[in-house]
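K.L.:
Sequence:
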Amino acid sequence: MQRWPHAHGGPLGAGHFRQSPEDFQVTELMDFVPEGHGEHQWLWVEKRGLTTDDLCRHLANLCEVAPRDIGIAGLKDKQAVTQQWVSVWLPGREAPASLIDALAELGVRVLASVRHPRKLKRGVHRGNRFALKVSGEAIAHPDFITRWETLIREGVPNYFGPQRFGHQGHNLGRARAVLVRGWRKRDDRSGMLLSTARSFLFNEVLAARIKSRCWATALTGEVFSLNGTGSRFVTDGSESAETLTARLASGDIHPTGPLWGTGRLETHSQVAELEQALPKCWPQLCIGLEQAGVKTERRPLRLIPSQSRLEWDVTPVQASDAGSDASVWLYFDLPRGSFATGLLRELIAHPLL
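By UniProt numbering, the letter at position 348 of the sequence shown is numbered 348, and the numbering carries on one by one without gaps.
Please note: incorrect hints may appear among the correct ones.
Unchecked claim - Cut-off 30 Å, straight-line C-alpha distance, at most; resulting in silico cross-link-like pairs (DSS-like, lysine-lysine): (1) Lys211 - Lys119; (2) Lys78 - Lys119; (3) Lys280 - Lys185; (4) Lys121 - Lys280; (5) Lys211 - Lys295; (6) Lys121 - Lys78; (7) Lys78 - Lys185; (8) Lys211 - Lys121; (9) Lys295 - Lys119; (10) Lys78 - Lys133; (11) Lys119 - Lys133; (12) Lys280 - Lys119.
No lab work stands behind these hints, which were simulated from the structure alone.
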């Protein structure tokens with residue numbers, strides 16, 4: 001897969017992460033809780049060694065319902081210990097008495113079970129909380145703590161992670177083939193290949209702005225995203241350059257890039273000129289997405305982790321002495337749709353980053 005540029009000088013050395021599922025922990029964050037009544041059984045589960053799609057398929061079989069009756073807010077990693085909500089439509093009946101034990105045999109613990117009137121919908125979660133164990137020569141680097149503090153303060157590129165593109169980027173080749181011959185629902189029922197193509201084009205725009213050193217600055221015609229919300233606004237001259245710079249520095253707003261599709265890009269001047277280069281460079285992807293009928297959207301170019309902290313298993317001085325045997329835990333929250341790999345690749349060099 002293509003290597004997109006780093007924003008903070010590149011990794012500090014080789015590193016390791018996710019050496020066991022317990023070293024990569026993810027907890028889904030929601031802004032509401034189930035109401036305690038209704039036709040849908042919501043389960044708060046902890047899984048390991050299992051994809052979310054696998055979990056949904058097993059749950060549908062165990063509860064004897066159609067796959068469409070299972071609801072999730074988002075996909076969680078397979079090689080990790082993850083906690084998330086999943087819902088099952090069970091009108092007028094209870095879940096099977098053997099469900100908890102059957103799930104346990106699959107590596108899934110049911111931590112809570114609550115009724116709710118509505119199915120769990122994709123994207124309703126606020127974000128995810130991460131606890132990652134990292135080791136290797138990078139964490140012994142004398143600038144490791146400084147780099148971590150810089151990432152937390154200034155943010156990292158909001159790249160779509162390598163998992164979006166499949167093993168060795170094969171999903172992108174599949175997406176290109178489908179779009180060239182004309183996208184059809186039966187060829188891509190989940191929309192994964194459309195998402196792959198849009199993610200690649202977004203990463204290309206972000207990479208170009210990093211190379212030009214303007215990925216976290218305001219260009220003319222910029223479309224900003226308000227931090228922590230889906231709200232956007234276009235610069236129209238009502239705010240001074242000094243005000244925009246201050247808001248960018250504080251993390252209140254972020255520049256955005258396109259998720260390609262039909263409809264206008266909302267941009268003009270410098271931003272429009274930069275983004276309109278995509279159809280020239282990648283015409284098959286852009287035209288194919290437009291013909292597929294997906295709507296143009298925007299995504300923040302920058303990601304600033306919150307609730308962040310770092311805990312050593314030894315002191316930083318000892319880490320330097322211990323070398324590759326030392327490890328550190330990184331804790332942080334990310335908004336939905338963001339990838340922890342975006343932060344890790346600014347710290348460590350690893351084949352999966």
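K.L.:
All hints, please: hold or fail.
P.N.:
Hints and how they fare:
Restraint check for Lys211 and Lys119: not satisfied, since their Cα atoms lie roughly 43 Å apart, outside the 30 Å limit. Straight-line distance between C-alpha atoms of Lys78 and Lys119 comes to about 23 Å, which keeps the hinted pair within the 30 Å bound. Among the hinted pairs, Lys280 with Lys185 is consistent with the structure: their alpha-carbon atoms are about 26 Å apart, no more than 30 Å. At roughly 36 Å between alpha-carbon atoms, Lys121 and Lys280 are farther apart than 30 Å, so this suggested pair is violated.
Distance restraint check for Lys211 and Lys295: the Cα-Cα separation of roughly 28 Å lies within the 30 Å cut-off, and the hinted pair is therefore satisfied. For a cut-off of 30 Å, the pair hint linking Lys121 to Lys78 stands: about 21 Å separates their Cα positions. In summary, the hint linking Lys78 to Lys185 is supported, as the alpha carbons are separated by about 26 Å, within the 30 Å threshold. At most 30 Å may separate the alpha-carbon atoms for a hinted pair to count; Lys211 and Lys121 exceed this at roughly 37 Å.
With a CA separation close to 25 Å, the supplied pair Lys295 and Lys119 stays within the 30 Å bound. For the hint linking Lys78 to Lys133, the alpha-carbon distance of about 16 Å falls within 30 Å, and the restraint holds. For the hint pairing Lys119 with Lys133, the CA-to-CA distance comes to about 34 Å; that exceeds 30 Å, so the pair is violated. At most 30 Å may separate the alpha-carbon atoms for a hinted pair to count; Lys280 and Lys119 exceed this at roughly 42 Å.
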